[in-house]
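The listed protein sequences correspond, in order, to chains A, B and C. Per this note's numbering, the very first residue in the first sequence carries number 120; after that it's consecutive. Per this note's numbering, the very first residue in the second sequence carries number 3; after that it's consecutive. Per this note's numbering, the very first residue in the third sequence carries number 12; after that it's consecutive.
A few of these clues could be false.
[To be verified] Below, computed lysine-lysine pairings styled on DSS-like, alpha-carbon distance capped at 27 Å:
| # | chain 1 | residue 1 | chain 2 | residue 2 |
| --- | --- | --- | --- | --- |
| 1 | C | K200 | B | K299 |
| 2 | C | K62 | C | K114 |
| 3 | B | K138 | B | K320 |
| 4 | A | K149 | A | K138 |
| 5 | B | K138 | B | K66 |
| 6 | C | K114 | C | K200 |
| 7 | A | K150 | A | K138 |
| 8 | A | K286 | A | K297 |
| 9 | B | K299 | A | K138 |
| 10 | B | K138 | C | K62 |
| 11 | A | K199 | A | K264 |
| 12 | B | K138 | C | K114 |
Just so you know, the hints here were simulated from the structure itself, not pulled from any lab data. The structure displayed is predicted, hence computed values, not measured ones.
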Amino acid sequence: MAEPLPPTRSRIPGSGLAKGLAVTLRTMTKKTVTAQYPDAQPELPPRSRGVIGLFEENCTVCMLCARECPDWCIYIDSHKETVPPAAPGGRERSRNVLDRFAIDFSLCMYCGICIEVCPFDALFWSPEFEYAETDIHELTHERDKLREWMWTVPAPPALDPGAEEPKELVAARKTADKLAAEAATAAEAAELAARTAEQAAQPEPPAGGTTTTTGSTTDTTTGSTTDTPTDTPESSKPSDPQDGAS
Amino acid sequence: MNDALDVALRLLVVFVVFLTFPLIVGQTEHKVMAHMQGRLGPMYAGGFHGWAQLVADGVKFAQKEDIVPAGADRRIFQLAPAVALLPYLLVLLAIPIGPGEGAVGQVVDAGIFFVLAVMGVGVLGSLMAGWASANKFSLLGGLRTAAQLLAYELPMLLTAASVAMAAGTVSLPGIVAAFEWWWVPWQLVGAVVFFVAGLAELQRPPFDMPVADSEIIFGAYTEYTGLRFALFLLAEYAGIVVLCGLTTVLFLGGWHGPWGADGLGWVWTLLKAALLAFVVIWLRVTYPRLREDQLQKLSWTLLIPLSLAQIALTGIVKVVIS
Amino acid sequence: MSLAAATAAAARATTTAAESHGFLSPTGVEIAFLLVGLVTFGAAIVTVTTKQLVHAALWLVMALGGLAVEYLLLTAEFIAWVQVLIYVGSVVVLLLFGLMLTKAPIGRSPDADSGNRWVALTVAVAAAAALVWVVVDAFRTTWVDLKGPAAGSTEVTGASLFQNWVLPFEALSVLLLAALVGAIVLSRKAKADATTPADAATPAGAQSRRSEKEGTR
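Start from the sequences, fold in the hints, and give me the full structure.
So this is what it looks like as structure tokens:
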């Protein structure tokens, strides 16, 4: 019965009992936390691990998921097909074709390793969780069912403000920029060639071409992307004329 | 003929009260306890906020198989629930809810003694159950029941005697009739002791050591199932009704209240009893179970001296004012 | 004790019936009294003859409850409820408590028979006879008026207890107090014995110490 806290000793006897009563009474007046699940759907957080969806168009039957699965609940069957050469005289290519992709959810422990290791983004978490069955065999979801789950996969939640840009976006933009820059320089070169061909004696207009081009060309020309990678194109635009001028 | 009809009507009313009020208390307990724990409690049975949960429970109990353990003392085992339940029915007969002859099942001259004596008999049911089950947990529960009853019967009696001294009568309607508002502070200690001892006698938490489910499964009722188990549960809730009604009548002035002296007194009685029932539930939710030695210590070293002091105070005040 | 009480009740039952003015046309109360007396008597007999210990205690409840009903029929309401409160509610509970602490089996106890059966029977019959004789002799002409104001109500009982019988009442309370103090003393000594096992290492020493204590007692 000894109170561990010294201040409580000095209080009037029974104050601890009264405090306990106050706690329960206060809780009674507050809103309850009960989730009335079948009547009201739960608000699941993003990235809930409900069920695994298969985006089979992305699957290359690399078998990484099946190999990494800790409890061996992924079954993959496939066969090889040869694809005729793309260009006449080329070599035939072989391609893996998916025959069966099944996940046994009675074995799955929802660790998500398969989704992590998939190099081609063919597996996704879906928050759906109401797929209980009366027969355990029904819990082995075959390819079509897994494909159906894909429709329930939510869009990825927005990034936190100030977060690093996703790698794939950076990579995609880089390629796009590169292509655009190539096109721009090619066009410029062509224009230049045309101009010189037309009027060889006339002087060049100062920076006339650069003001009309997009920011991407200035990026590639000045190399400012490496300096400020997080800059959005909108924020970098105003600085473009100065960059171009200098 | 008219007399017989009158008696039959009274018995019927008391019986209906006996069957419904414990259920109301039980349902209130479901809901109040749930909300005090941040839950909703039963929500389905009956549609509206699970009002028929206990009816559904009753139906479930009635459907269950009635099992008597092979090694049990058959007849005593089967008799025990009735012994536990019937005394509370008898006690309800004697509790007045309003002024006059019409508002009490049967006027008993020595009402306090009748009520306390008969309530004490109810515990015999638990003892019989505990012994006849041929189960060591049941036996432990029975032992604890007996020890608890012996410890808490005395303060209850003493505080009841204090009120009887104050009122100068041992009849329950007589006590309420003699009630004045300043009795509440005067008998406050007695009221608290009576209420606490009553809780202990009903084995309600925090005094539920005899049925401590985390230690001895369910004490004396471990081997019971089906309707007999339901009878024990009903006895517990009927006990709450009886205890709250008794405390109201003895210490809170029954039908006395600021308004409603003309014919609406019974509303006051029921209101006060309901408030006390809420307190019973509230205490159950709030406090952890007392250990067996703490339980005995509380009674012998705190409640009994307090009740003796209350009797002394009552005597002194009574002599001074007369 | 229970047997004696029960027989006393039965004896009283017969007395009243015999003393009744309308013996040949008894009233309902008298019939009830007689029947309850018989039940009480039977329960008391079973109490002392049954071989199942806990059943004996429960039959005792029956006998004591029957007595309470007899009191009620004699309009001694207060005494009746006190009988239930003290005997049924406390004494039997204590008895059951004690029985549960023993190895009382469910079913018959093989050794629940006493060799003193005949002696006990003789004593019981003698006690019953004495009681019947005393009661008959004392209350030969007394008649309990059931119709009038209750002769055994709380008020009447209290008045007679504290006006006519104060001295026996106080003597009894002193006796009970002495018993209480004695119980405490005994339990404390037992505790002291239990807590000093080192002193009682040798049997001889223990024996001598015990005899010392016996002497002081």
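For each hint, the structure was consulted:
1. K200/C with K299/B: Roughly 21 Å separates the two Cα atoms, so the pair holds.
2. K62/C with K114/C: The given pair, whose Cα atoms are some 14 Å apart, holds under the 27 Å limit.
3. K138/B with K320/B: Status violated; Cα separation ~50 Å.
4. K149/A with K138/A: Holds: K149/A and K138/A sit about 17 Å apart, inside 27 Å.
5. K138/B with K66/B: The hint holds at about 24 Å.
6. K114/C with K200/C: Between K114/C and K200/C the Cα gap is close to 26 Å, so the pair holds against 27 Å.
7. K150/A with K138/A: Within the cut-off at roughly 20 Å; holds.
8. K286/A with K297/A: holds (16 Å)
9. K299/B with K138/A: This hinted pair holds, its Cα atoms lying about 23 Å apart.
10. K138/B with K62/C: With Cα atoms ~22 Å apart, K138/B and K62/C stay inside 27 Å; holds.
11. K199/A with K264/A: Holds, at roughly 23 Å.
12. K138/B with K114/C: With Cα atoms ~12 Å apart, K138/B and K114/C stay inside 27 Å; holds.
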